[in-house]
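2 protein chains.
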Amino acid sequence: MELHQEITTLAAQLGAILTDKRLWITTAESCTGGGVSFALTNTPGSSHYIDRAFVTYSNQSKQDLLKVSETTLAQFGAVSEQTVREMAKGAIAASGADIAVSISGIAGPGGASKDKPVGLVWFTVQIYDEQWAFYRVFSGDRTQVRMQAIVLSIKKIIEKIK
Amino acid sequence: MELHQEITTLAAQLGAILTDKRLWITTAESCTGGGVSFALTNTPGSSHYIDRAFVTYSNQSKQDLLKVSETTLAQFGAVSEQTVREMAKGAIAASGADIAVSISGIAGPGGASKDKPVGLVWFTVQIYDEQWAFYRVFSGDRTQVRMQAIVLSIKKIIEKIK
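Chains as they are written, first to last, in our numbering: chain G, 1 to 162; chain S, 1 to 162.
Be a bit skeptical, because a hint or two may be false.
Claimed, not checked - Part of the chain G face toward chain S, derived, beta carbon under 10 Å:
| hint | residue |
| --- | --- |
| 1 | G33 |
| 2 | T41 |
| 3 | D64 |
| 4 | K67 |
| 5 | A93 |
| 6 | S95 |
I should point out that these hints are in silico values taken from the structure, not numbers from a laboratory.
A virtual CB, placed ideally from N, CA and C, is assigned to each residue, including glycine.
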């Protein structure tokens, strides 16, 4: 419950910064399924800084909508630094936004492999041409992993914009 | 921001039906900003029935991603039966899904006009080539309007699939 309040508060903070700086943002979301976009559009006036967002849950959709390369997906997998970097780049290209955040992870309970545990989430924040990629391994169930991923995305965007 | 218990329960019900019938779904969301997609992907195993979704907040994004015609937007506005019908059609075309739901409304507090009050939300549920368009005027604040729109979308999809 606290997490939810935290998300709307963070989204409103980010919204105020984006409005002030006249920046446009977009999201490219896999495991969060649109949760960051849903949070960002919770704030009144969000049409001044977000005009579209991409939920790319499958490999094919990452290729179709964000131009992630088939080779990258085959070689590194959907939950990888390489993929989230390409997702962010593709989201900016497909939207014209100044800022993108991409998220791809294993929310569970299924989907883990030897190298990639449940809770592993890769992110990229891109501002203009600069990218920051990072990952976390979150604890908790599917909902908790997704909520923590949404919180961290928004926090990191705020941190990098400043 | 929180996904009400009712939403997660409905999303799980719909997920079970989609899994059982081996149907794919997509969403084309304006005022809900990805909330339906976020709800649908809350259920474990959702990658078996949703592979992508479209958040089209601006008129331009509705044209770019969903091929809504500029004429339709100019003539009837983004919050109209004509627009949600084209959004659903475009979402199916851009995803290959069997089912789409499109949502466009005025969540408020701004954005109302003489003919279109805050709380007005238009929806289309499309299954294969068949469409059902409908609207509601919801009460409550921005969050409440969005939440009610998400609930009704999922309920209507369940009703029409059956």
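Going through the hints against the structure:
1. Against a cut-off of 10 Å between C-beta atoms, the interface hint on G/G33 holds, since the closest Cβ of chain S lies about 3 Å away.
2. A least Cβ separation of about 3 Å between G/T41 and chain S falls short of the 10 Å threshold, and the interface hint therefore holds.
3. For G/D64, the shortest C-beta to C-beta distance to chain S is roughly 7 Å, which falls under 10 Å, so the interface hint holds.
4. Proximity of G/K67 to chain S is violated relative to the hint, the smallest CB-CB distance being about 14 Å (cut-off 10 Å).
5. A cut of 10 Å between beta carbons decides the hint on G/A93: the least distance to chain S is about 12 Å, and the hint is violated.
6. Checking G/S95 against chain S: minimum C-beta separation of about 8 Å stays under 10 Å; hint holds.
Consistency with the previously given hints fails for numbers 4, 5, ordered from lowest to highest.
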